[in-house]
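Heads up: the protein sequence lines correspond to chains U and R, in order. In terms of UniProt numbering, the first sequence opens at residue 1 and continues consecutively. In terms of UniProt numbering, the second sequence opens at residue 1 and continues consecutively.
FYI, nobody ran anything at the bench for these hints, they're computed from the structure. All values derive from a computational prediction rather than experimental measurement. Any given hint could turn out to be false.
Which copy? The list can't say, so a pair holds if one copy fits it or any two copies do.
Unchecked claim - Computed cross-link-like contacts, SDA-like style, restricted to lysine to any residue with a CA-CA straight-line distance of at most 20 Å:
(1) 169 with 110
(2) 85 with 137
(3) 169 with 107
(4) 169 with 209
(5) 169 with 99
Number of protein chains: 2
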Amino acid sequence: MRTAYQNELSALLAQVGDMCGLAGVSMERATRALLGPDLTLAEEVITDHEAIVEMGVATEERALVLLARQAPVAGDLRTVVSSMKNAADVDRMAALALHVATIARRRHPRCAVPDDVAPYFTEMGRIAVDLGNSARDVVVSRDPRKAAQIRHDDDAIDELHSHLFTVLKDQEWRHGVAAGVDVALLSRYYERFADHAVELARRVIYQATGSVA
Amino acid sequence: MRTAYQNELSALLAQVGDMCGLAGVSMERATRALLGPDLTLAEEVITDHEAIVEMGVATEERALVLLARQAPVAGDLRTVVSSMKNAADVDRMAALALHVATIARRRHPRCAVPDDVAPYFTEMGRIAVDLGNSARDVVVSRDPRKAAQIRHDDDAIDELHSHLFTVLKDQEWRHGVAAGVDVALLSRYYERFADHAVELARRVIYQATGSVA
């Protein structure tokens, strides 16, 4: 028989999982807004961000209620506290998607990303939605294979990020400093997005198995 | 008479406060390493970072023990959970100082920052140590005046950051794209450092007074 604690914990994990999925979708949409460039889509991402922030607040409230009502100890306590930290990571992932959408809007009708580096961002956007989905699966299932997928996706983003910086520092870069700065910051937003997913997966798997993901 | 809970909570707050002070010092030293450039100092900052990370882990452990032993509810529970979130913000502040030191080391013996923008970073480094000290004071005293000082310092860093970006995007920038990208990322690290201090102060004051700092 499931206890009230187990039901409340499942609901908490499901909510953090939903946030992960939304953060991934938000980054993917922000990427399309950036590359379009698509002002309407950028503004939608910016408006929709508030819903993820509210989910984060609700998640923390749910965790606090659970702590107060059930006073869990040992592993159960750690799971609830981890969920709050996971929600904070996802909150930050969503904020990074917001940053991408904000740059897309600020540069419109110009595209912030020169054509020759656009494919890097297309690929990072594609990976971001995967990261969101894998993070959701890790949170809900605690499946170490999904955590491995996140590390794999993070490596792919790190490689794109590193390659982009090589392009930026090349003498052949002919788009000027302003575009270079935009590309560098944007690339860093995707890198940080992936870092937060890795951190979350590491925390979930450590919590579930006692070993580092 | 003080309860065991109050003693444990004071120790927890003092530990988070100590972390704040160390993060500020770390950013100030990283700034000196950057502008020297001073390879030895950069390496010291990188080595010393581990101690702050360990304090973060110990702080979280202390909070978990407090939750498990005392099972606080209502305001007390929120204070403990806030302390864990504050520790996470300070951990990130220290990581940003580490990033500055890492760029200083990577560019050595060259200075990553061209002479004409160095004063911006001198000033941001000076403010960073103030931010660390004010954050420590806010955590320990919950004094709203100290939180106001943090917002003031954050505004000053935002202004320097924004001004630096104007300089970067000016046609007169003559240090090339690679230096521009370094300056943009470095400036963002200081901006984020200040953001985390603001977030921490906001959380402490809201927790103490129920109103937003």
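Going through the hints against the structure:
1. Taking the shortest Cα distances, residue 169 and residue 110 sit within 20 Å of each other only across copies (16 Å), while inside one copy they are farther apart (23 Å).
2. For the identical chains of this complex, residue 85 and residue 137 are intra-copy neighbours only, at 17 Å inside a copy versus 24 Å across copies, given an alpha-carbon limit of 20 Å.
3. Within a single copy, residue 169 and residue 107 get their C-alpha atoms only as close as 22 Å, which misses the 20 Å cut-off; across copies the closest is 13 Å, which meets it.
4. When the C-alpha separation of residue 169 and residue 209 is checked against a cutoff of 20 Å, the pair qualifies neither within a copy, at 43 Å, nor between copies, at 50 Å.
5. In this assembly of identical chains, residue 169 and residue 99 lie within 20 Å of each other by CA distance solely across copies; the values are 19 Å between and 23 Å within a copy.
When each numbered hint is compared with the structure, a violation occurs for hint 4 only.
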